[in-house]
Amino acid sequence: MLWKSLEGKSQLLLFSTRVNRHLRFTSFTIFIFVLLVLPDVAFGVERFPPPQFDDHELPVTTVPEPRRDLYEYLDVAALLAALSLASYLALKKRSRRGVFLLGIFSLLYFGFWRKGCVCSIGATQNIVLALFESGYTAPITVIAFFILPLIFTLFFGRTFCAAVCPLGAIQDVVAIRPIKVPSWLEHALRLLPYIYLSAAVLFAATGSAFIICEYDPFVAFFRRSGSLNMLILGACFLLVGVFVGRPYCRFLCPYGVMLNLVSKASKWHVTITPGECIQCRLCEDSCPFGSIERPTQELRIHNRAEGKKMLAILISLLPLFIALSSWLGVLISPALSRVHATVSLAERVWLEDTGKIEETTDASEAFRRTGRPTEELYNEALTLKKRFTFGGGMFGAFIGLVIGIKLINLSIRRRRMDYEVNRGTCLSCGRCFSYCPIEHVRLKKSS
Amino acid sequence: MCTIKSNTMQEKRNIITRRDFIRNGVRGSCLLALGGVVGLLSSRSRANNTVWQIDPYRCIACGNCATYCVLEVSAVKCVHKFAMCGYCKLCTGYFEPQPNALNTGAENQLCPTGAIKRGFVEDPYYEYIIDEPLCIGCGKCVKGCNAFGNGSLFLQVRHDRCLNCNNCAIATACPSQAFRRVSADQPYLLKGKD
Ligand code: SF4
Ligand code: SF4
Ligand code: SF4
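Line by line, the protein sequences are chains B and X. For the first sequence, the numbering used here begins at 3 and goes up steadily by one. For the second sequence, the numbering used here begins at 16 and goes up steadily by one.
Read the hints as simulated data drawn from the structure, not as lab findings. Ideal Cβ positions, reconstructed from N, Cα and C, are used throughout, including at glycine. Treat the hints with care, as some may be off.
Residues on chain B that point at chain X, a partial pick, calculated with CB under 10 Å [unchecked claim]:
1. Thr63
2. Cys121
3. Ser136
4. Ser229
5. Thr356
6. Glu360
7. Glu361
8. Asp364
9. Arg371
Reference listing, derived: stretches of chain X covered by chain B, where coverage requires no fewer than 3 residues with Cβ under 8 Å from a Cβ of chain B [as the list claims (entries may be wrong)]:
10. 128–134
11. 137–150
12. 178–185
Partial list, computed: chain X residues near chain B (C-beta under 7 Å) [stated by the list, open to error]:
13. Phe36
14. Arg38
15. Leu56
16. Val94
17. Lys158
18. Ala188
19. Ser198
20. Ala199
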């Protein structure tokens with residue numbers, strides 16, 4: 003019985019292969035025919051006239067709508083509310099607990115619920131693109147995300163960083179055992195955000211890439227999916243963040259650069275002590291981000307004179323320094339320009355056309371299929387390259403300026419009588435409050 | 016002692032007023048600058064957001080759409096413009112280049128997930144419908160349809176799934192620069208005329 007059925011099956015198989023061969027042959031001839039008769043146009047032409055059916059209705063192509071705008075306005079409202087609350091909690095209420103809880107809320111809402119996109123940090127690039135590219139207009143919500151934290155910082159300091167930014171919040175919760183970064187290293191690393199920001203501006207202005215979004219280390223967590231590399235990078239940041247308070251905020255965040263500068267001019271700002279500093283030094287090491295500055299010692303007279311001389315030299319060298327780094331920027335601009343897809347495509351096509359490279363890439367094949375003349379592509383790439391030469395120069399000059407000012411700043415001795423926060427780098431998180439004995443007096447009084 | 020103290024107090028106050036003065040000036044100019052940026056941008060801005068979409072006439076169906084999206088299963092799916100379709104019996108978007116048989120057997124299909132449903136309409140016409148939940152946006156069918164058919168199958172970002180990332184990960188990886196931002200009012204770039 004079993005044997006019989008097997009036999010039957012094998013016979014069936016034999017039969018079907020014969021049929022298959024036949025079919026294959028016919029379909030193959032059809033293919034050859036199609037190949038010969040019809041030119042291979044990439045995007046399909048009407049090779050077979052669509053039939054007219056009498057009693058068959060054509061299905062419609064569905065077009066599901068994007069998320070409603072309403073949600074976006076809700077996001078802006080949430081941002082506004084969170085900023086106000088953060089400023090109130092940090093400056094008026096002086097409650098670390100409140101700031102922390104609000105941070106958790108922001109992490110959940112802006113981070114995990116809204117998937118961390120769009121964020122104020124990335125919105126910078128939209129603004130730059132909108133300013134430089136007339137074809138692009140930034141949506142109002144994106145403008146709001148960029149502007150609102152800056153305005154709040156201008157009045158209250160970086161309360162955005164304290165409790166609203168989801169990237170800051172996720173680092174804040176893991177900052178368990180922060181160590182002190184040596185001051186020279188801190189100063190050096192704090193230059194990185196400037197470089198990152200100017201690179202981001204350069205690439206956004208030329209329409210090449212949004213590198214802040216591309217290399218956002220935490221957005222993969224917020225989305226709970228993403229490329230493995232970014233997940234690993236994010237995990238590394240969080241791991242480092244256990245021992246170094248908020249590594250991304252301090253040593254990378256490009257938006258933080260602007261917040262830092264703006265916060266220096268803020269009208270109000272959190273203070274360590276609610277009253278007069280009594281120089282008890284209790285708060286000295288309380289800031290995990292190294293933002294508390296000690297009172298300066300009185301300087302000796304001759305030291306002062308020397309310092310002044312040094313300062314004069316530095317200031318007179320500044321233009322030279324800027325010119326030099328601007329020249330360096332122009333030098334590396336060809337490499338920078340390759341980030342733009344059109345430039346790298348043009349270079350690839352050129353290499354292929356001049357026979358320097360044999361194999362083609364997806365991109366060059368795609369280009370050739372469009373039938374666009376290569377001249378057009380080359381011209382477009384050339385204009386872009388020119389923009390990059392200029393942009394590279396500006397990029398270099400800016401970095402030169404920043405480093406120069408940093409050096410000058412380091413050699414200026416500001417007089418400080420008390421323990422104070424550094425208005426630029428302080429994130430208004432409120433950790434230092436409870437270290438101050440005056441604060442305890444205040445709390446006792448108010449309760 | 017007392018005079019020294021009052022001296023330092025005085026000094027402190029001086030420093031503070033000087034700093035405040037500078038701060039006020041800087042703050043004023045910052046506000047002006049921000050206002051300028053907002054004014055400039057909002058004069059040209061749109062109330063509507065933008066979303067990402069694929070220009071089907073640029074897409075070469077390279078397969079990146081299936082792998083580069085930040086979502087586990089790509090937000091890009093194949094869509095079918097039925098009015099352009101030839102309703103071919105031998106659909107080159109549906110069948111392997113050399114199918115064993117012109118039936119719905121999985122081994123004959125181009126689609127790795129069997130997301131295209133083939134249905135008989137009338138002789139010799141067949142209808143092909145995308146089962147979207149199954150589609151992974153690999154573009155294999157699109158390639159086949161473009162090469163030998165009418166090109167009525169093409170890839171689109173499906174906005175019920177897309178997160179509308181500020182920087183679409185596929186757009187960065189797309190070799191043909193087929194991705195672009197379009198207004199959320201008209202979020203699709205469908206082929207053919209309506
Ligand atoms: S420094 Fe940047 S990442 Fe950190 S909290 Fe502020 S804006 Fe967010
Ligand atoms: S990445 Fe670009 S070319 Fe490739 S399938 Fe997607 S849209 Fe088409
Ligand atoms: S915008 Fe984001 S979710 Fe949408 S297709 Fe691109 S990568 Fe995928």
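Status of each hint after checking the structure:
| no. | hint | in the structure |
| --- | --- | --- |
| 1 | Thr63 | 5 Å, holds |
| 2 | Cys121 | 8 Å, holds |
| 3 | Ser136 | 8 Å, holds |
| 4 | Ser229 | 7 Å, holds |
| 5 | Thr356 | 21 Å, violated |
| 6 | Glu360 | 18 Å, violated |
| 7 | Glu361 | 14 Å, violated |
| 8 | Asp364 | 4 Å, holds |
| 9 | Arg371 | 7 Å, holds |
| 10 | 128–134 | violated (count 0) |
| 11 | 137–150 | holds (count 4) |
| 12 | 178–185 | holds (count 6) |
| 13 | Phe36 | 11 Å, violated |
| 14 | Arg38 | 5 Å, holds |
| 15 | Leu56 | 6 Å, holds |
| 16 | Val94 | 5 Å, holds |
| 17 | Lys158 | 10 Å, violated |
| 18 | Ala188 | 10 Å, violated |
| 19 | Ser198 | 10 Å, violated |
| 20 | Ala199 | 5 Å, holds |
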